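Two chains, each in its own frame: build the complex with the hints.
Chain by chain, the residues run as shown.
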Amino acid sequence: MSTYLTEETTQVTDAAVSTRLSSLDTLESEAIHIIREVVAEFEKPALLFSGGKDSVVMLHLATKAFWPGKVPFPVLHVDTGHNFPEVIDFRDRTVERLGLKLVVGSVQEFIDRGELAERADGTRNPLQTVPLLDAIQQNKFDAVFGGGRRDEDKARAKERILSLRDEFGQWDPRNQRPELWNLYNGRHTVGQHVRAFPISNWTELDIWRYIERENIELPGLYYAHEREVFARDGMWRAVGEVSQPLPHEEVITKTVRYRTVGDMSCTGAVESDAYTVADVVVEVAASTLTERGATRADDRISEAAMEDRKKDGYF
Amino acid sequence: MSTDTLAVQGLETALPTTLFRFATAGSVDDGKSTLVGRLLHDSKAILADTLDAVARTSADRGFGGEKGGIDLALLTDGLRAEREQGITIDVAYRYFATDRRSFILADCPGHVQYTKNTVTGASTADAVVVLIDARKGVLEQTRRHLSVLQLLRVAHVIVAVNKIDLVDFSESVFRDIEADVQQVGRELGLGRDELNAGGITDLSVIPVSALDGDNVVERSERTPWYTGPALLEVLETLPAADELESHLESFRFPVQLVVRPQGALAPDAVAAGLDVEAYRDYRAYAGQITEGSVKVGDQVSVLTPGQAPRTTTVVGIDFAGKSLEEAAAPQSVAVRLADEFDVARGDTIAAAGTVREATADLYAALCWLSPKPLREGQKVLVKHGTRTVQALVRSVSGKLDLASFKLEGASSLELNDIGHAQLRLAAPLPLENYLHHRRTGAFLVIDPLDGNTLAAGLVKDHPGDHEDERYSI
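These protein sequence lines are chains A and B, in that order.
Take the first sequence: its position 129, counting from 1, is numbered 129 in this note's numbering, and each next residue is one higher.
Numbers in this note's numbering are just positions in the second sequence, counted from 1, shifted up by 315.
Same shape as in the complex, but just chain B (with noise of 0.2 angstroms):
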């Protein structure tokens, strides 16, 4: 195996990369998968051998004519399972890096259930990159996207006018599509929010040609009139949705489990030099912290169902035989507190003073994700955080029309439906409007029955708490 001196150098200077998860949304032949696979090819993410394996199967499907060349929608080609249906069942996760970051591109498919794999894309995305065909212009499935975006809070949206070199690279075009996709983002109502707290916050369009390259990783000179960064570059330098918000938002830490080895304790740390003695009574709170950061000293809540919140202070948080004075989402970390509490899994820990009561009746809108429809009077199962209760469906009191962003009335809700629905919880949990809370805001529902995942929950306020009119969605 041979090693690249030069790469060698440029490891031995960089600095930690950091993470950026991102996912890519787009209609039918809009050329998504080309897009895909020249962000890999062009970062460099594809080896020699998979390549050639690329390069044998476009020589045999005849892919290039006279140009020869390799059909770069291979590279994200999927399962056998999908070659032989001819589409894309799920959605695949890639992986790429270049010196600054290291990507997880969620490849979410646009031909069936786009809205459950989009949901699921976009849940963990900091970033959507959502396609459009120069040729064909915002459809009505790019309203419906955006507007999924939207209600899933994703900060940065940058739609790809792909194919722009099958319009001669003419600016005329892209600039009306430009303006059509802008004119949506205000009828969303984007970018008005000066807490950035909900929706969309910022949506760049850029001219591209998958095909060829132009604008993905490098700038492309076909286009002179853009000035603006290619694909790669605003990927690169977008925040990532934690630096966003663990310095915005207030501590939240769903008890994952009671650390409490009493006499259990690893024998390598004890090897290690682990005082015994002084971990015989070992008591620690093991979790990921969803939001905000916490220090040791600061006052907190436990928050019980059923019960009234207790007050205490952190005495130590700890990692792994560490012992830290603070740490910030998304670190996953055990808490040690002043008062010996009754603690225990579904708890949640949160900043004292800011949190409101818990509550049994849960408002919802609904991403409905499974082939069963959801009724009114349906028995269900809601996992919120680290706990799952029982809960009764009480009413469907709308359906989202995606492409006119309206509420129609609607009294159930079927496959890839979003609607709001009124849910009666067995226990009082601590719910957050998911616009301020993308983590404690979120929830699953489940189908008792089988187990599987029904829903994508995303919390609202009560009727009659204020809410912001923009996103009554």
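This is chain A alone, in the form it adopts within the complex (with noise of 0.2 angstroms):
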């Protein structure tokens, strides 16, 4: 290797690395200054909460970046009406504890109204779009802040941080805003909306290590514990009011936890013996699958399948 590094340049270095942020310091900075830009820059910003894990690290983020102030925005919840009663229960728990306001979009009113229809494969996590514009409209929200992160997956890779969004609250692939240095341009139109994701850089395993650093509470599900489940689609899927086996499906009790968690009926469990976060953040570093691929049925749809619903305004 040839090179003009001098030697005065690595003294520098060598002084300096002692006191460098680690990089989850790095994240977190980065995230709070993200979070700090939008709240300051738009009218009406709220933070969709599904008491997911990404989400739950979201709100976390923005308690510590206006501490002691409250989190000056309310969290928006696209229920689809399929979720795991103890994560609306810890969702309803947070909202209390940090005293905001909850608003709730319901996938299940609009099918009643006739506005959406229940797919065939009884999905509903695409579903959340039309619930989701329709929240945003009603509420006026000009910014939504949502826990995505760019190694979920290659649409999201390709994501910018603060995301414009059309009138009908669609992504635009070929079409968006260089992002430069830390300036972020939240600049829109009547009508239009942003996306803000400010924990875009995090990979999951940053998540874990972070939930264990800062003692974050999260739904119980995420921990290993017992469960009826029934194999579908190489997951193991929980038995439910909304998640039935057929006829040829065998019920077993397994040992098991999520590492998403979403609506329950596309949503699978992995066997884990991770009781605690500890266990989490090793075992999430020893694993050979990601976590949509282990637990997303609606991500297997296609290659292209969150691609798909982002150019429709999912999140």
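It should be emphasised that the hints constitute simulated quantities derived from the structure, not laboratory data.
These numbers come from a predicted model, not from an experiment.
A hint or two may mislead.
[Claimed, not checked] Restricting the straight-line Cα-Cα distance to at most 27 angstroms, the calculated cross-link-like pairs of lysine-lysine (DSS-like) are:
no. : chain 1 : residue 1 : chain 2 : residue 2
1   : A       : Lys-311   : B       : Lys-687
2   : A       : Lys-64    : B       : Lys-637
3   : B       : Lys-687   : A       : Lys-64
[Stated by the list, open to error] Stretches of chain A that chain B covers, calculated by requiring three or more beta carbons in the stretch to come under 8 angstroms of a beta carbon on chain B:
no. : region
4   : 22-30
5   : 37-44
6   : 93-99
7   : 149-158
8   : 180-190
9   : 239-247
All C-beta atoms, glycine included, are put in the ideal place defined by N, C-alpha and C.
Set out below in structure tokens:
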């Protein structure tokens, strides 16, 4: 290797290394900067909050960004009607603890009114888009925080930190604004809104290490527990009201946990003996499957499943 | 799910890793996707289900012929929109980690709008890997890439001479290319800056085969004449930009917002024992330290456009319930000041006596990123730090020929052009030369009509101010 690196530069480096922020501190600082930018520049932001680990981390970061003040925006949950009851309970306790306003968009109500049709495969994740856009419009939210991460999916790998959506909530991957330095351009016209992804640069392992370090509470189903399950599509599916085994699908009790928490009708559990957050960190570090590949039926529909949903306004 | 005992032990003993951001830039067909795929694959960042999908697609497309194997380029395969066009249209971000570092890779496509993509990727990068095809050597596009990286002040540039297997691992081919790269470096004035202010500070050249993995993660036995480190080793050991800068630069803190809860204290903080009386009149300025560091007791100046700098003392640095004695870039904190000034978003808090007067005359290099051209007399918005102001484009004074590094006459700028312009701002800003201030010397030019980003701007000194001639691009 030929190099111009001078001796002086090397010495500076040695002195500085010891005081350098860890990667988690750097990611935390970046996320807080983005959250504050959005709150300062937008009229009416909201945070998508499902009770899933990424949205829980987002909310935790927001509490740190505005300490000792309250989180200055409401949380928005798009309820598929097929959520795990313990997750809804966790959501309500969290909202109460932090004194937040909760806005709920209900997939069930849209189905009941005949404005959405149940899918043949029974999964309701893709149905969230319409109630989401409706809630954004009704409440005049001009910025919506999401816990999307670029490591989740190849469509998300190309997502901006501030992502402009048109009047129909659509994402146009061919026409995104360049994002330079730490200067975020959130300008939009009436009817448009912006999705903000402050934890874009975090990986699944970063999320878990941060949950461990900050001692953040999560819904219990993220940790190993006994549950009645049956095998479908190579995943363990929980037995529940909206998730019933077919006659040939045998129900057994297994020790499982969830890597992602979504709609019961499409989220699978993985066999695991990770009972604590430290166990999960170890497990995720050694995992050989991506979290969406392991646990999300909706992302297995096609190679471009997420891309198609995002173009339609999904988060 | 299985856990691996070795991985478990490694995890328990590992020190906290640090973050390193790098970008890749290359020309058409130089094997960049394969190199990125190789880095991800060999650093074990690709999980089994992704690999299975790629292996299936590779087999479907008959990749590898008799040798079989997988097409690593598919690992970075992007959107359907891109596959339909057969090109990569946008920067993609990838993540992988080693025991020492977590990496954020901005994969910048080289086909269309390469300047836009390179500028975007380089703006946050600690290092950039530029690819050269060993059979083709230094191309005009290589010169363009290096010139953009020099302009954007990317400290470390690694030139990967790829497809070294296709020139039979020839040392003489490599040495010729290496000499050409160093010649371009000299033309750009690299490596002569003892203060590490401005431009590329080091330029490494490595022979690699992305397809076979030579010198990517592991050193290759097939290039015995090359005694330097493999690409990943270089990426693991280079200092990140904030390691080099935060200890040399003066404190800069653009105020994002004022934290002043009045009655509205966080219920969880109150439940945890926060003294409600003591925090009734809490007032702090929240932001991210862009440069340098600050200690409690430091003298600082508050810079508000249109007002003389006001000097006061830092009495507290808070972060989420913790009081810090000291903080440095890139930390996000809240700063309390001794005097109750009127400080608002858009103001900058800086180490006292280190900033020059705010100015409404902006001389800049502009990287034009929009299909709409820049014209003299146009009205635009300038976003600098946490402030956005209106601006008038007074004149365009030239356009850079990226291949010859010379400035040519021009009166407008078009997509992918880099040129010089003078703007008049509606309010004075504390502008600083980008050469010495990678954050406070940067700004965006925004279209007031549709809000789109038109250009990346780099602040230059005013004519007549001393400026190093080497960087007169």
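task: Mind checking the alpha carbons of Lys-687/B and Lys-64/A for me, to see if they're no more than 27 angstroms apart?
output: Given that 27 angstroms is the threshold and the Cα spacing comes to 41 angstroms, the pair is violated.
- request: Count residues of the region 149-158 of chain A with a Cβ under 8 angstroms from any Cβ of chain B, then say if the count reaches three.
  value: holds (count 6)
query: Holds or violated: the region 22-30 of chain A covered by chain B, criterion of 3 or more residues with Cβ-Cβ distance under 8 angstroms?
result: With 9 residues in contact (Cβ-Cβ under 8 angstroms with chain B), the coverage given for the region 22-30 of chain A holds.
Coverage of the region 93-99 of chain A by chain B (three or more Cβ within 8 angstroms): holds (count 3)
- request: Mind taking a look at whether chain B covers the region 37-44 of chain A? Criterion is 3 or more residues with CB to CB distance under 8 angstroms.
  value: Our answer is that it holds, as 3 residues pass the Cβ test (under 8 angstroms) against chain B, meeting three.
query: Is the straight-line distance between the alpha-carbon of Lys-311/A and that of Lys-687/B 27 angstroms or less?
result: Roughly 25 angstroms separates the two Cα atoms, so the pair holds.
- request: Count residues of the region 180-190 of chain A with a Cβ under 8 angstroms from any Cβ of chain B, then say if the count reaches three.
  value: holds (count 8)
- prompt: Given the hinted pair Lys-64/A and Lys-637/B, is their alpha-carbon gap at most 27 angstroms?
  reply: holds (10 angstroms)
Coverage assertion for the region 239-247 of chain A with respect to chain B, Cβ distance below 8 angstroms, three residues required: As far as the region 239-247 of chain A goes, the hint is violated, because 0 residues have Cβ atoms under 8 angstroms from chain B.
Hint compliance for this structure: hints 3 and 9 are not met, and every other hint is.
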